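Visitor: Chains as they are written, first to last, in the numbering used here: chain Y, 2 to 466; chain V, 29 to 278.
The set of hints was computed from the structure by calculation and includes no laboratory data. For clarity, every value in this text was computed on a predicted model and none was experimentally measured. Please note that the accuracy of each hint is not assured.
[Said to hold, decoys possible] Below, a sample of chain Y positions facing chain V; criterion: calculated Cβ distance under 8 Å:
no., residue
1, D6
2, E17
3, E178
4, I365
5, G370
6, A371
7, G452
8, R453
9, L457
10, V460
[Claimed, not checked] Calculated pairs, EDC-like style, for lysine to aspartate or glutamate (alpha carbon to alpha carbon, straight line, at most 16 Å):
no., chain 1, residue 1, chain 2, residue 2
11, Y, K378, V, E117
12, Y, K293, Y, E262
13, Y, K378, V, E154
14, V, K121, Y, D240
15, V, K174, V, E154
16, Y, K3, V, E154
17, Y, K232, Y, E106
18, Y, K3, V, D156
19, V, K121, Y, D373
20, V, K121, V, D110
21, Y, K377, V, E117
22, Y, K122, Y, E166
23, Y, K122, Y, E230
24, Y, K186, Y, D240
25, Y, K378, Y, D121
26, Y, K186, Y, E165
27, Y, K170, Y, D120
28, Y, K136, Y, E106
Beta carbons are placed, not taken as given, at the ideal position from N, Cα and C, and that holds for glycine.
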Amino acid sequence: MKIPDLTELALRNLRESLLRNSLTTVGISVGVASLVAMLSLGTGLQQMLSRRLEKSGLFDTVFVSSRRDLRGGRQEERAGPTPGESRVLDEAARAEMEHLPNVKEVYPDIRFSTELQFDDKPHLTMISALPLSAKSNDSFDGMQGRFFSSDSAPEVILQKSFAEELLGKTPPLGAPEPSVAELAKPLLGKELTMHYAQRGESADQTPAPGPENKDSEPVGASYSVVSREQKLTIVGIADLDPESMRGPMRARVFLPLGLAEGLHVMQLVDLREISRAASKQAVYSSISVRVKDPSRIQGVEDAIKKMGFTTFSILDASRSLQQVFRVLYAFLGIFGSLALIVASIGIVNTLVMAILERRREIGIMKAIGASDADVKKLFFAEAGAMGIAGGIIGVALGWAIGQVINFGTNLWLKSQSIPPEHFWAVPLWLVAFAIGFACFVSLVSGLYPAGRAARLDPVQALRYE
Amino acid sequence: MTTVPAVSAVRGTLAIRSEDLCRHYRMGENVIRAVDGVSLEVQSGEFVALLGSSGSGKSSVLNLIAGLDRPTSGTIVVQDRDLAKLSREELAKYRLHVVGMVFQSFNLIASMTVAENVELPLRFAEVDRGRRAALAQEALARVGLKARMDHRPSELSGGEQQRAALARALINRPKLLLADEPTGNLDSHTGTEIMDMVRDFNRELGMTVLMVTHERALAERYAQRMIFLADGKLIDDRPNDPRLFPGGRP
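Model the full assembly from the supplied sequences, consistent with the hints where possible.
Guide: Right under this line is the structure:
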């Protein structure tokens, strides 16, 4: 029998016992809804975590350092060129990394310790430079004030504990901390003066003769350090914990990256690379390379390693996380499928009842030329139609349940002053999978009844009243 | 699309041949011999009546010829096909293309309209929708039911239902029409109408007709030959006496 005829006959038969078939379909829908609800919760949680991690800048960033800085290190890091021979992490290396495929952004880790003056009082602290892209970092989620207006604006964002220090409000151990909002009020818009040491130009850089000076580093170079001042406006107070931060976030005061680069501040790395410190060429202790997609991180990391640098990313941690989610998926899927399996028993029951009721009809069809395969296909089509209908309704039901729970949970989160989250996701693959799975379960359920109907003896079936 | 073979019955060629045909059923420790060594031959285009009392085995013989049942032993050859050797799938194709069946209780599917019932065998034969509709209309017109094609069987009289069943049996242009007590549920007037139609198909389309009945008068009026069965055995096989119909059979 042709598929359109088969479908038409199957739908006609389903309409004949509308109530019973509808109830069976509702059973499948509930099963699919439970499966969709479970898996969409798993997907939503994974997506939420991925968003969080992406915002943290952890999963799409490769931290690059020069092997010159290595002192010991792991076996794999010791392999390749020795620290003395390896490349310097300078502007040329940065530009080269920027041109690697799948690289979104490359920025140096500029960090230095210096003195900030506020209300005529000096405060020694660690300052770090941030690119404008750090604005989306989750570390600034609860920030009071705003992010930098431009990459070279003379603006500064303070970490909460530094703000407490500036205001002399550092709480004693165990005492309640003042809120960020309380600290921001008297500080936002105020000015700080930063005293810093600027790398000076070298007047005496003579390259040393001989092949051992591969980097053409000037020997006997001298450099000057000029003391400078920079006025900075406080634009934001962020509730960051510097101890838990990584890369450029490990500081208490933040400057725009462009501004920091223009200041040519003397950094710790400059003391090691003393000859370069004297030149205009900046040398960095580390560089952060952000990739377009976390899945591309391995390729970028490998390319940078080939350039002769040491890299670090938490790709492995990401892999472990994916495995955890796979296990979670499997569990949620199994629990979600239980209801569908129960519903499948309903399908078997409905179809077996249909065989009893339509015994004579099956006999008639066989007498006028229907083959066993025709009868089997007809019952399969009926099971499949119930599966598809149940799958579609179930997906809609599961989606609706997810929306209601998401809404309710966000109401509760709001009452707890926690920002709302979207932790429920029904991606297209889940819709297709749920409908496909419902159809598959229905067809498997239809196997026995269809086989039984096909094997019916037409003479016996025609005698059935 | 599977082609539906046209009737090419040539009178004189053998349509049905059975040799020592047996169909035994086991019921507990007893063996029921529904058909017990029946040997018969039916020529193409012949109108044969199978007569006998209840339980004589006439319907069992018809089921064996229809390919609905398989013999316990013996041979049954219809249109050069040894039915005992056909697979289930081949038997279904045989029922679809070679045989048309009419039953005492009409056996129309209640949830379908008359037209849908009539074109059902064409669905199994994978005939296109348009051609199916045209053939169904033609068959219904032949039995005078064109106006009732969109009705459900429950909305039709017994005679109309049997006419619809006849149209369904004819839709695939079978070579063999098997009728199991076709007038059993009809009054005599309607029964005559139906039998007249069957006789017309036999004469006009050259269709071989094998009719099971327990009404001897009906058999004498329409059949060319009468085969008598009792206790599963063939007890008599004789041509209908033309002297009964001086002006020829009606």
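Visitor: I'd like to know which numbered hints this structure contradicts. Please list them from smallest to largest.
Guide: Those not satisfied are hints 3, 7, 8, 9, 12, 14, 15, 17, 25.
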